Amino acid sequence: MRRQPVPTRRRFLALAGGTAAIGALPVAISVRPARATPEMMATAIRTVTGGANVKPGKVKLDIPPLVENGNSVPMTVSVASPMTANDYVKSIHVFNEKNPQPNLGNFYLKPSAGRAQVSTRVRLADSQKITAIAKLSDGSFWSTTADVVVTLAACTEDVI
Amino acid sequence: MTAALINVPKKARNGDIIEIKTLTSHVMETGYRHTPRGEVIPRDIITSFTCRFEGDEIFHADFFPATAANPFLSFFTTATKSGKFDFEWIGDNGFSQTASASITVE
Chain A
1 MRRQPVPTRR
11 RFLALAGGTA
21 AIGALPVAIS
31 VRPARATPEM
41 MATAIRTVTG
51 GANVKPGKVK
61 LDIPPLVENG
71 NSVPMTVSVA
81 SPMTANDYVK
91 SIHVFNEKNP
101 QPNLGNFYLK
111 PSAGRAQVST
121 RVRLADSQKI
131 TAIAKLSDGS
141 FWSTTADVVV
151 TLAACTEDVI
Chain B
1 MTAALINVPK
11 KARNGDIIEI
21 KTLTSHVMET
31 GYRHTPRGEV
41 IPRDIITSFT
51 CRFEGDEIFH
61 ADFFPATAAN
71 PFLSFFTTAT
81 KSGKFDFEWI
91 GDNGFSQTAS
101 ASITVE
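Residue numbers (the numbering used here), protein chains in the order written: chain A, 1 to 160; chain B, 1 to 106.
One chain only, chain A, in its complex shape:
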């Protein structure tokens, strides 16, 4: 005789969570008609780099890995650079995959900045990968990425 498995609290919660996740997915897609795609991000990155090789490194992207509200996500980008007249960061560009537009911000620096670091607050429409790219005075490009999980989306929510 086989015994029915007792639905423990843990199993019940796991099942309920799984169902909720599956149920939420189509809804989330249907309410957001316009959004960028990873291809759009790649195009936006090419516009900045002109097809130049982008190497990983030098750039540090500080953004919370889990945010409750995508309407205002603090973000800090810093680049390892001496910031001298001959060797400095010209600009910092931040991109995302799933907002309606692939750009999060462009920042243009001068050698007099002393420190290549910029902070701002952005909106994120979904859990996604964020890419920060730095353009150096020697023409090289450096990048880093960070994954962010967003609980409450921004940008496209309806006004109630």
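Hint data in this document are derived by calculation from the structure and do not stem from the laboratory. It is possible that part of the hints are untrue.
The list that follows gives simulated cross-link-like pairs (lysine to aspartate or glutamate, EDC-like), each with its CA atoms no further than 20 Å apart [claimed, not checked]:
1. A:K60 <-> B:E19
2. A:K129 <-> A:E39
3. A:K110 <-> B:E54
4. B:K84 <-> B:D56
5. A:K110 <-> B:D16
6. B:K21 <-> A:D62
7. A:K110 <-> B:E88
8. B:K11 <-> B:E106
9. A:K55 <-> A:D138
10. A:K90 <-> B:D62
11. A:K58 <-> A:D138
12. A:K90 <-> B:D56
13. B:K81 <-> B:E19
14. B:K11 <-> B:E54
15. A:K110 <-> B:D56
16. B:K21 <-> B:D62
17. A:K110 <-> B:D86
18. A:K60 <-> A:D87
19. A:K110 <-> B:D62
20. A:K90 <-> B:E106
21. A:K110 <-> A:D138
22. A:K110 <-> B:E57
23. A:K110 <-> B:E19
24. B:K81 <-> B:E54
25. B:K81 <-> B:E106
26. A:K90 <-> B:E19
27. A:K55 <-> A:D87
Since this is a predicted model, take the numbers as computed values, not measurements.
Please arrange chain B on chain A, whose structure you already have, making use of the hints.
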């Protein structure tokens, strides 16, 4: 009514790297939101920010709909002489705002 908050150290020593923080009051309407009746709410954002020191541009930023409401920025510069920082925000619908702050370098 708009307002800008500027945070610049009043005094610095020559060669110090100082942080400048700015916060502007603006809705930054994305242009991707709808009213309950399905009408698109038109885009209304600040598109550019410039900081000048004694007339020379030291920092510039492009904003997008992805910039959060009431745009906040923090960036750095090296203090070399006393002078005035001028800040300028430009946006949709002819939005334009300026602010300034002075620093004394010893």
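Quick rundown of the hints versus the structure:
1. With a CA separation close to 18 Å, the supplied pair K60 of chain A and E19 of chain B stays within the 20 Å bound.
2. For the suggested pair K129 of chain A and E39 of chain A, the alpha carbons sit about 13 Å apart, so the restraint of at most 20 Å is met.
3. A C-alpha spacing of about 15 Å is found between K110 of chain A and E54 of chain B, which places the hinted pair at or below 20 Å, so the restraint holds.
4. For a cut-off of 20 Å, the pair hint linking K84 of chain B to D56 of chain B stands: about 10 Å separates their Cα positions.
5. At most 20 Å may separate the alpha-carbon atoms for a hinted pair to count; K110 of chain A and D16 of chain B meet this at roughly 16 Å.
6. For the hint pairing K21 of chain B with D62 of chain A, the CA-to-CA distance comes to about 17 Å; that is within 20 Å, so the pair holds.
7. Distance hint between K110 of chain A and E88 of chain B is fulfilled; the C-alpha atoms sit about 17 Å from each other, no more than 20 Å.
8. Using a Cα cut-off of 20 Å, the hinted pair K11 of chain B and E106 of chain B holds, with the two alpha carbons roughly 7 Å apart.
9. About 13 Å separates the Cα atoms of K55 of chain A and D138 of chain A, which keeps this hinted pair within 20 Å; it holds.
10. Distance restraint check for K90 of chain A and D62 of chain B: the Cα-Cα separation of roughly 14 Å lies within the 20 Å cut-off, and the hinted pair is therefore satisfied.
11. Between K58 of chain A and D138 of chain A the CA atoms are separated by roughly 14 Å; this keeps the pair inside 20 Å, and the hint holds.
12. About 16 Å separates the Cα atoms of K90 of chain A and D56 of chain B, which keeps this hinted pair within 20 Å; it holds.
13. For the suggested pair K81 of chain B and E19 of chain B, the alpha carbons sit about 15 Å apart, so the restraint of at most 20 Å is met.
14. The hinted pair formed by K11 of chain B and E54 of chain B meets the criterion: a straight-line CA distance of about 16 Å does not exceed 20 Å.
15. About 10 Å separates the Cα atoms of K110 of chain A and D56 of chain B, which keeps this hinted pair within 20 Å; it holds.
16. Annotation: proposed proximity of K21 of chain B to D62 of chain B holds, straight-line Cα distance about 16 Å (limit 20 Å).
17. Distance hint between K110 of chain A and D86 of chain B is fulfilled; the C-alpha atoms sit about 16 Å from each other, no more than 20 Å.
18. At most 20 Å may separate the alpha-carbon atoms for a hinted pair to count; K60 of chain A and D87 of chain A meet this at roughly 18 Å.
19. For the proposed pair K110 of chain A and D62 of chain B, the alpha carbon gap of about 15 Å is at most 20 Å, so the pair holds.
20. Of the pairs offered as hints, the one joining K90 of chain A and E106 of chain B is violated, with about 28 Å between alpha carbons and a cut-off of 20 Å exceeded.
21. At most 20 Å may separate the alpha-carbon atoms for a hinted pair to count; K110 of chain A and D138 of chain A meet this at roughly 14 Å.
22. Restraint check for K110 of chain A and E57 of chain B: the C-alpha separation of about 8 Å stays at or below 20 Å, so the hint holds.
23. Straight-line distance between C-alpha atoms of K110 of chain A and E19 of chain B comes to about 14 Å, which keeps the hinted pair within the 20 Å bound.
24. Taking the CA atoms of K81 of chain B and E54 of chain B, the gap is near 10 Å; set against the 20 Å cutoff, the hint holds.
25. Proposed proximity of K81 of chain B and E106 of chain B is supported: the alpha carbons are some 8 Å apart, at most 20 Å.
26. At most 20 Å may separate the alpha-carbon atoms for a hinted pair to count; K90 of chain A and E19 of chain B meet this at roughly 18 Å.
27. Only pairs whose Cα atoms come within 20 Å are accepted, and K55 of chain A paired with D87 of chain A is accepted, the gap being roughly 17 Å.
In summary, the structure is inconsistent with hint 20 from the numbered list given earlier, while agreeing with all the others.
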